[in-house]
Amino acid sequence: MNYLQKQWILTIYTTFFMLVIAYIVINPFFKYFELFIDWDQWQNTYVQLKYAQPYYINLYNSLKITILGTVIGVVVATLTAYSLAIYQFKFKNIIMILLLVMLMIPSIIQIVPFLISIQLAKQYLDFVQQIPVLSILADHHLVLILPYMVPAFGVFIIKQYLESILNKEMLEAARIEGATEGKIFRTLILPMLYPAIAIVALIQFSTIWNSYELSIYTIGDDESKPLAHVVRNVGRFFGQGGFEAQIMNNLLVIVPIIFLIILSGLILKFINADLSAPE
Amino acid sequence: MHKLDKTNQSSAYKFLVPFLIAFLLVNLFPYLTSFYVSFQYWSLYTPFIGENIEFVKAENYLLIYDERGFFASLLNVLLFLVFSVFIIHSLALLFAKLISISAKKTQGIILIAFIVPFVVNTNATNVGLIEMGLFIFYDPINDGVILKSISESISISYQFVGFFTLIYYMVLKSVPKNIIEAAQLDGASIARVFLSIELPHLKRMIVMMLVLSMIMMMQSARGFVDIINVFFRVGDMGLASAFSWTFIFLVLVFIMTVLLILKYRLLKSRLVKYKRVNKKEVL
Chain A
0 MNYLQKQWIL TIYTTFFMLV IAYIVINPFF KYFELFIDWD QWQNTYVQLK
50 YAQPYYINLY NSLKITILGT VIGVVVATLT AYSLAIYQFK FKNIIMILLL
100 VMLMIPSIIQ IVPFLISIQL AKQYLDFVQQ IPVLSILADH HLVLILPYMV
150 PAFGVFIIKQ YLESILNKEM LEAARIEGAT EGKIFRTLIL PMLYPAIAIV
200 ALIQFSTIWN SYELSIYTIG DDESKPLAHV VRNVGRFFGQ GGFEAQIMNN
250 LLVIVPIIFL IILSGLILKF INADLSAPE
Chain B
0 MHKLDKTNQS SAYKFLVPFL IAFLLVNLFP YLTSFYVSFQ YWSLYTPFIG
50 ENIEFVKAEN YLLIYDERGF FASLLNVLLF LVFSVFIIHS LALLFAKLIS
100 ISAKKTQGII LIAFIVPFVV NTNATNVGLI EMGLFIFYDP INDGVILKSI
150 SESISISYQF VGFFTLIYYM VLKSVPKNII EAAQLDGASI ARVFLSIELP
200 HLKRMIVMML VLSMIMMMQS ARGFVDIINV FFRVGDMGLA SAFSWTFIFL
250 VLVFIMTVLL ILKYRLLKSR LVKYKRVNKK EVL
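Taken in order, these protein sequences are the chains called A and B. At position 138 of the first sequence (counting the first as 1) the number is 137 in numbering that gives the first Met the number 0, and the numbers step up by one without a gap. At position 103 of the second sequence (counting the first as 1) the number is 102 in numbering that gives the first Met the number 0, and the numbers step up by one without a gap.
These aren't lab readings, by the way, just hints derived from the structure by calculation. Don't take every hint at face value.
Take a look, some chain A residues computed to stay more than 10 Å from chain B by CB distance [as the list claims (entries may be wrong)]:
1. Tyr59
2. Leu62
3. Ala227
Pairs of lysine-lysine residues, derived as BS3-like cross-links and limited to a Cα-Cα distance of at most 27 Å, are as follows [unchecked claim]:
4. Lys268(A) <-> Lys176(B)
5. Lys103(B) <-> Lys167(A)
6. Lys268(A) <-> Lys103(B)
7. Lys104(B) <-> Lys268(A)
8. Lys104(B) <-> Lys172(B)
9. Lys172(B) <-> Lys268(A)
10. Lys89(A) <-> Lys30(A)
11. Lys13(B) <-> Lys104(B)
Each residue gets a CB set at the ideal place from its N, CA and C atoms; glycine is no exception.
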């Protein structure tokens, strides 16, 4: 049968998806079109870019927060999911219930408790900074990573994926050969988990990259804000931030898409896997 | 055997160490402190020491009801949940079916394109949607609750339809192929197969996804975010934490009632039928 005629709905919807984003990215170039024609204007803009808000520092902050948060979240999710999928232990049910509750509580409620604990931490900060290892805690960017440290949804994704592809005989064979539990995880299981890890990393990356609610209340000076916080109002009223702000807004849109394209092979592998758990 | 079990238990806890540390640090401690603070009067701009904290019993919880915006924002969030969940799931099921019957070559590109809005910043896409004229009927200052929540749910469904399409596409593949082929041999069309074979198979999954999507929507409900911003500007942390606990409790109650209704209306009847069939077969 020829199903091609049924694809027109999909085609229209996908182009609509893409059009909105293409519009956001291309619009500033049309808006500031005279910049590209007039040489004097171009020089003026360059000077403005030099002395305006230092957006590249915000970009650096955002990249730092996002990459650190993604790595931490993925590590925590993978280890937890591995432990829950493979082993039978006493408090397994309690931990599953905890994860479900964490999934149910929306992350925005965390802002209030976090502000309280940040205030608490500030009181003891002077004491903490004297200890060399713990002085990392004084970095106020760490606070922005904290709410995303345990991705409960990611734990369930990886656990489901692992249960569907796992071969228990292989595990027992490795144990009889004398492999330690850590070695089994590193050399046997981890390479099989890459597709599930990719999708968890994508979710982590995009949520941390786009989040700014917490930084509004915790970070005061412009130079240590993440990019999503600084340009959050650029879109609202066009022309508010000038050309450089528009370009940074474009970067804010494009970076996660680049990350998605890099991971797209693994993600397609995850989508096409058979996820029904064997009974 | 017993010895192996013991080593297994210890290694299971070794793998759980990062999770437990993160859980204590990120979830348990902040929530307990905020629950404690919700019974106190404390301003964010003073240090968290005994003399600045005043025990006010349940006064914070009572004060919320005097707040004029509370019920309006609650209504806004509930309407927003209902509208957005309806749009998202009907569209996502349709698109998942359409992708699964489309040509194999284009499937990959379409699926990746469907994830893109989920990854992109919401503020930026909202601007794109507004400037492209999708919110012509929307006026943020003068409009009532219903129009506001409709326009909010359009913008949120733009972001989430692709994500749920992906999930439904993955679940659709688990429907046994031989039943579908048998139906097609009997002359059932694609729509008939979808409505009377695949949808009943997906019922459980759909109910799960409804609850999950409601929770995901709640994180970006503007009614909630706006009112909590007011408390932050004042700096009254007791009121803010009391508000967030009440709000979360009410919305969770709402989601749970929806879940229970769905369970009894959709799932229960189906389960009974299956059981009867099984008994007959056994006999």
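So, going through the hints one by one against the coordinates:
no.: 1; hint: Tyr59; in the structure: 18 Å, holds
no.: 2; hint: Leu62; in the structure: 15 Å, holds
no.: 3; hint: Ala227; in the structure: 6 Å, violated
no.: 4; hint: Lys268(A) <-> Lys176(B); in the structure: 21 Å, holds
no.: 5; hint: Lys103(B) <-> Lys167(A); in the structure: 33 Å, violated
no.: 6; hint: Lys268(A) <-> Lys103(B); in the structure: 14 Å, holds
no.: 7; hint: Lys104(B) <-> Lys268(A); in the structure: 14 Å, holds
no.: 8; hint: Lys104(B) <-> Lys172(B); in the structure: 17 Å, holds
no.: 9; hint: Lys172(B) <-> Lys268(A); in the structure: 14 Å, holds
no.: 10; hint: Lys89(A) <-> Lys30(A); in the structure: 63 Å, violated
no.: 11; hint: Lys13(B) <-> Lys104(B); in the structure: 44 Å, violated
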